[in-house]
Amino acid sequence: MVLVKNGQVASDYWQHIEDTDPLPQAGAVTISWARWLSERDSITRGPSELGVRLPNTIAADDVGADAGRFGLITVTYPNIGDGRAYSQARILRSRAAFKGEIRAIGSVVRDQLQFMQRCGIDAFELPEKALTEDWLAALSEFDLFYQPAEDSRPWIARQRHGRN
Amino acid sequence: MYRYDEFDRRFLEERVAQYRDQVRRRLIGQLTEEEFRPLRLRNGLYLQLHAYMYRIAIPYGTLSPAQLRMLAYIARKYDRGYGHFTTRQNIQFNWIKLEESPDIMADLASVEMHSIQTSGNCIRNTTSDPFAGVADDEIEDPRPYCEIIRQWSTLHPEFSWLPRKFKIAVSASAKDRAAVHVHDIGLYLVRNAAGEVGFQVLVGGGLGRTPIMAKVLRDFLPKQDLLSYLEAALRVYNEYGRRDNIYKARIKILVQALGIDKMRDAVEAEWSKMDHEPLDLTKETIAGIYKHFAPPAYGKPERDDDAVINTAIAADKKFSRWLKHNVANHKQPGYSIATVSLKPPGKPPGDITADQLDLLAELSERHGFGEVRVTHEQNVVFPDVRRGDLVAFYASLASSGLGTANIGLASDIIACPGLDYCSLANARSIPIAERLGEHLAAREEEIGPMKIKISGCINACGHHHVGHIGILGVDKNGEEFYQITVGGSADELSAVGIIVGRAVPSDEVNGAVDKLLDVYLAQRDDGEDLPATFRRIGMEPFKEAVYGTR
Ligand code: SF4
Chain A
0 MVLVKNGQVA
10 SDYWQHIEDT
20 DPLPQAGAVT
30 ISWARWLSER
40 DSITRGPSEL
50 GVRLPNTIAA
60 DDVGADAGRF
70 GLITVTYPNI
80 GDGRAYSQAR
90 ILRSRAAFKG
100 EIRAIGSVVR
110 DQLQFMQRCG
120 IDAFELPEKA
130 LTEDWLAALS
140 EFDLFYQPAE
150 DSRPWIARQR
160 HGRN
Chain B
0 MYRYDEFDRR
10 FLEERVAQYR
20 DQVRRRLIGQ
30 LTEEEFRPLR
40 LRNGLYLQLH
50 AYMYRIAIPY
60 GTLSPAQLRM
70 LAYIARKYDR
80 GYGHFTTRQN
90 IQFNWIKLEE
100 SPDIMADLAS
110 VEMHSIQTSG
120 NCIRNTTSDP
130 FAGVADDEIE
140 DPRPYCEIIR
150 QWSTLHPEFS
160 WLPRKFKIAV
170 SASAKDRAAV
180 HVHDIGLYLV
190 RNAAGEVGFQ
200 VLVGGGLGRT
210 PIMAKVLRDF
220 LPKQDLLSYL
230 EAALRVYNEY
240 GRRDNIYKAR
250 IKILVQALGI
260 DKMRDAVEAE
270 WSKMDHEPLD
280 LTKETIAGIY
290 KHFAPPAYGK
300 PERDDDAVIN
310 TAIAADKKFS
320 RWLKHNVANH
330 KQPGYSIATV
340 SLKPPGKPPG
350 DITADQLDLL
360 AELSERHGFG
370 EVRVTHEQNV
380 VFPDVRRGDL
390 VAFYASLASS
400 GLGTANIGLA
410 SDIIACPGLD
420 YCSLANARSI
430 PIAERLGEHL
440 AAREEEIGPM
450 KIKISGCINA
460 CGHHHVGHIG
470 ILGVDKNGEE
480 FYQITVGGSA
490 DELSAVGIIV
500 GRAVPSDEVN
510 GAVDKLLDVY
520 LAQRDDGEDL
530 PATFRRIGME
540 PFKEAVYGTR
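Just so you know, the sequences run in chain order A and B.
When we follow numbering that gives the first Met the number 0, the leftmost residue of the first sequence carries the number 0, and every step to the right adds one.
When we follow numbering that gives the first Met the number 0, the leftmost residue of the second sequence carries the number 0, and every step to the right adds one.
Simulated from the structure, these hints should not be mistaken for laboratory data.
Among the hints, a few may not be true.
[To be verified] Short derived list, chain A residues pointing at chain B, Cβ under 7 Å:
no.: 1; residue: Tyr12
no.: 2; residue: Cys118
no.: 3; residue: Ile155
[As the list claims (entries may be wrong)] Calculated Cβ distances over 10 Å to all of chain A for the following chain B residues:
no.: 4; residue: Gln17
no.: 5; residue: Gln29
no.: 6; residue: Leu97
no.: 7; residue: Leu492
Idealized CB from N, CA, C, for every residue including glycine.
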């Protein structure tokens, strides 16, 4: 697995804790959304040490006010065709005003990276071959876009009228 | 018509480069066929029975002469000299090589065309009324909104991986020529009580296995809200549409499951939570797109127009028939809307040769302002023919086999490619259409307006559900049979046809249709089309005519 964050290969300092394992005393961990719901009152870690793994069947609005408790939210792509996480990511950025890392996990496909990025996803778990096959180039395949999204890049209708 | 600016052009160059690289990665084995498939589909490339099929978008049906000539060039260079207009204002080529597909895409880009999102589970080509901008009964030109939707939906980062395909149609006339009711989202331009023009929004229409007519999602949507509202509806669908069963994944099933009221609540709730501002259509955005669709410089009617036409009517029965069936009223005095039939008796519906494409290009320059429209009924509309030119126009068509006078008649049959090309088919559609069209041509004048539609399988690309007479290919123990329905219609009174009885083998289709038509002719009241007669007299007489009394 290769982690790419903000367009660069990065190392993963988060530990991803299974529901059956105890939480370590310190260090950055992610837990499942279900565990968060059942243990939220007893969890005292700050956002820099707490992340949550969001299944793609959960309405992102349900994260709502909790978003500030997390430093990382992972969103899941079970396969190339299941695009629910795109909406989740956008809602997390636009409505929950989530500023932490949103990481795509699961079946993350090269040719979808730029869609994901535009929806506000800033980190990706990629297969090893991503390095040899230069997957990062996919992040800049387009520099023109027909619609606004969660990235700050201009979009064409605005550019036409000379605004960004 | 819409002309690309530097942004559109550069965007498309980026898309061509991306696709070329995807094909390269496939060819060197970096991508498996399974990985490549969704990528090629989003560029319109299907793997069919014999070869790749390439589907090219014709946004809301409009083509320029340069585009027609490019399609002719593609037909000759990469295919077998012809193409096929589909029931969704696209054109398909059936004999394509994967290796050459990026070159085709680059050729298309040079004339401001593409194949983006012509397949795959994403927002497809937005379709419209082929008479848009020239119809005498429209509230406002729908094409600018189609173009706005085309741009917004193109590589939409959130909605490119939906549960299933998503089709949008826009119409602006009381007479629906865009089959709005059978789309995932249908938009009618309407005027509200205050006199403002906006959209009535329909949702959840579709054919296929579960034919359903769309329901009203919102009675009146102000224009400026078009994109934010669409985005809210698509988001609800993306989140809640079923993904566990491909046959239950269209938005119509979600609407059915929730009920239209809950669906409306969900969309309105999402819409109220969204930040609309970035998507608001400002007056200047709308005006900027509208400019592209300004009416051409129409001339004044000539004094002797009617004399020329009347002489020709008296002298030439064929011309007068063509005039009656293929020519419609234009909002501009002195002009007509002429439809070129791609349904000559005995030929595959919607097929067009490279030479014919070239001819249409030339004629559109000579008799019009360089624009044609392809229709979802697989014909080609010339929107601006001077009345005085109709005689000469017809003569050019007739001399090239394009003079068939059957628009809206029994031999103007819609048919999907069927088993001759399509890997999903149960049965052939084209030969059935060819034989039936040829057979009915002799009596179609007597029959009058009649819509016959044929699909080779339940996916219903031939829209058989909404044919006055619908014909569906089914497989019975490896043999091709045809199930016949009556009473369907795709206009503003849309209805799904009802099955008459057990399916019949191919050589009995003509006879069965004849019997249905006999009942209709014997029982119709003045001015009734078949669906109206069917509503009045019910199934029994039709059933009895075909299958006898039990
Ligand atoms: S209706 Fe069936 S046979 Fe016809 S084109 Fe569609 S999928 Fe193919």
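Each hint tested on the structure:
| no. | hint | in the structure |
| --- | --- | --- |
| 1 | Tyr12 | 28 Å, violated |
| 2 | Cys118 | 5 Å, holds |
| 3 | Ile155 | 5 Å, holds |
| 4 | Gln17 | 5 Å, violated |
| 5 | Gln29 | 6 Å, violated |
| 6 | Leu97 | 17 Å, holds |
| 7 | Leu492 | 35 Å, holds |
When held up to the earlier numbered hints, the structure conflicts with 1, 4, 5 and fits the remainder.
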